[in-house]
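Enquirer: Below, each chain spelled out in residue letters.
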Amino acid sequence: SQQGEEDPQALSIQEGENATMNCSYKTSINNLQWYRQNSGRGLVHLILIRSNEREKHSGRLRVTLDTSKKSSSLLITASRAADTASYFCATDLKLTFGEGTQLTVNP
Amino acid sequence: DAGVTQSPTHLIKTRGQQVTLRCSPKSGHDTVSWYQQALGQGPQFIFQYYEEEERQRGNFPDRFSGHQFPNYSSELNVNALLLGDSALYLCASSPGLAKEFFGPGTRLTVL
Chain A
1 SQQGEEDPQA
11 LSIQEGENAT
21 MNCSYKTSIN
31 NLQWYRQNSG
41 RGLVHLILIR
51 SNEREKHSGR
61 LRVTLDTSKK
71 SSSLLITASR
81 AADTASYFCA
91 TDLKLTFGEG
101 TQLTVNP
Chain B
1 DAGVTQSPTH
11 LIKTRGQQVT
21 LRCSPKSGHD
31 TVSWYQQALG
41 QGPQFIFQYY
51 EEEERQRGNF
61 PDRFSGHQFP
71 NYSSELNVNA
81 LLLGDSALYL
91 CASSPGLAKE
101 FFGPGTRLTV
111 L
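These protein sequence lines are chains A and B, in that order.
Residue numbers for the first sequence follow the working numbering, so the first one is 1 and each next one is one higher.
Residue numbers for the second sequence follow the working numbering, so the first one is 1 and each next one is one higher.
Derived by calculation from the structure, the hints in this document are not laboratory data.
Hints should not be assumed to be uniformly reliable.
[Unchecked claim] Chain B regions said to be covered by chain A (calculated; three or more residues, Cβ under 8 angstroms):
| id | stretch |
| --- | --- |
| 1 | 38-50 |
| 2 | 102-111 |
[What the hints assert, rightly or not] Taking lysine-lysine and the BS3-like style, the derived pairs with C-alpha atoms no more than 25 angstroms apart in a straight line are:
| id | chain 1 | residue 1 | chain 2 | residue 2 |
| --- | --- | --- | --- | --- |
| 3 | B | K99 | A | K56 |
| 4 | B | K99 | A | K26 |
| 5 | B | K99 | A | K69 |
| 6 | A | K56 | A | K26 |
| 7 | A | K70 | B | K99 |
[Unchecked claim] One side only, chain B facing chain A, incomplete, derived with CB under 10 angstroms:
| id | residue |
| --- | --- |
| 8 | G3 |
| 9 | V4 |
| 10 | Q6 |
| 11 | Y35 |
| 12 | L88 |
| 13 | L90 |
| 14 | C91 |
| 15 | A92 |
| 16 | L97 |
| 17 | A98 |
| 18 | K99 |
Virtual Cβ for every residue (Gly too), placed ideally from N, Cα, C.
Produce the complete structure using the sequences and hints provided.
Expert: Shown next as structure tokens:
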């Protein structure tokens with residue numbers, strides 16, 4: 001069964017705007033992680049949030065976690081063209097990533 | 001400190017053949033996981049190795065097997081290749097059950 005499922009599938013915004021992506025999962029977790037993947041390359045770890053945390057910041061990234069709704073969101077503020085990539089969430093159960101959210105930031 | 005490295009970068013095989021992909025984990029990492037990522041899809045977990053043993057396995061047939069060596073490096077073997085095995089194969093390492101660091105992947109094409 002799929003652990004991480006991202007929404008929306010694709011998001012296109014202008015540089016400087018904020019981008020919000022959502023992730024839902026099905027079972028209890030110890031932590032949830034967000035990754036970025038540039039076209040056809042390896043995944044880059046962005047941020048890990050533990051099940052007892054509600055919000056976490058890292059630079060322009062803000063991640064929230066709502067374990068009661070089994071959902072998480074990733075906010076990228078003041079987006080840049082270099083943020084264009086696919087974004088995935090994954091839980092610690094290491095089953096399946098979702099299809100990801102393809103973010104395009106237009107200059 | 002080198003990150004996770006994988007070899008080869010690209011590989012072309014034909015149906016029915018066997019393939020071995022290699023992964024060297026980041027220094028200090030003892031756990032290696034393998035993922036398959038088809039075009040346009042998210043990575044799918046194949047299996048994870050720790051202390052030279054398979055610790056977890058995803059929904060993949062027995063044609064997919066692996067090995068971890070005493071130096072923590074790992075191999076992924078796929079037998080009797082099918083066209084559908086064409087994908088990007090990602091290796092990730094971690095110190096135990098902490099966040100994973102991914103390698104650049106091996107692009108396998110099966111003709």
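Enquirer: Taking the hints in turn, state whether each one holds.
Expert: Quick rundown of the hints versus the structure:
1. 38-50: holds (count 7)
2. 102-111: holds (count 5)
3. K99/B / K56/A: holds (15 angstroms)
4. K99/B / K26/A: holds (20 angstroms)
5. K99/B / K69/A: It holds: about 23 angstroms lies between the C-alpha atoms, which stays within 25 angstroms.
6. K56/A / K26/A: holds (21 angstroms)
7. K70/A / K99/B: holds (20 angstroms)
8. G3: At about 9 angstroms, which falls below the 10 angstroms cut-off, the nearest Cβ of chain A leaves the hint on G3/B intact, so it holds.
9. V4: Holds, because the Cβ-Cβ distance from V4/B to chain A comes to roughly 8 angstroms (cut-off 10 angstroms).
10. Q6: Holds, because the Cβ-Cβ distance from Q6/B to chain A comes to roughly 8 angstroms (cut-off 10 angstroms).
11. Y35: holds (8 angstroms)
12. L88: The hint holds - L88/B has a Cβ within 10 angstroms of chain A, the shortest such distance being about 7 angstroms.
13. L90: Result: holds, 6 angstroms to nearest chain A Cβ.
14. C91: Result: holds, 9 angstroms to nearest chain A Cβ.
15. A92: holds (8 angstroms)
16. L97: Holds, about 7 angstroms.
17. A98: Interface hint status for A98/B: holds (8 angstroms vs cutoff 10 angstroms).
18. K99: holds (5 angstroms)
Checked against the numbered hints given earlier, this structure breaks none of them.
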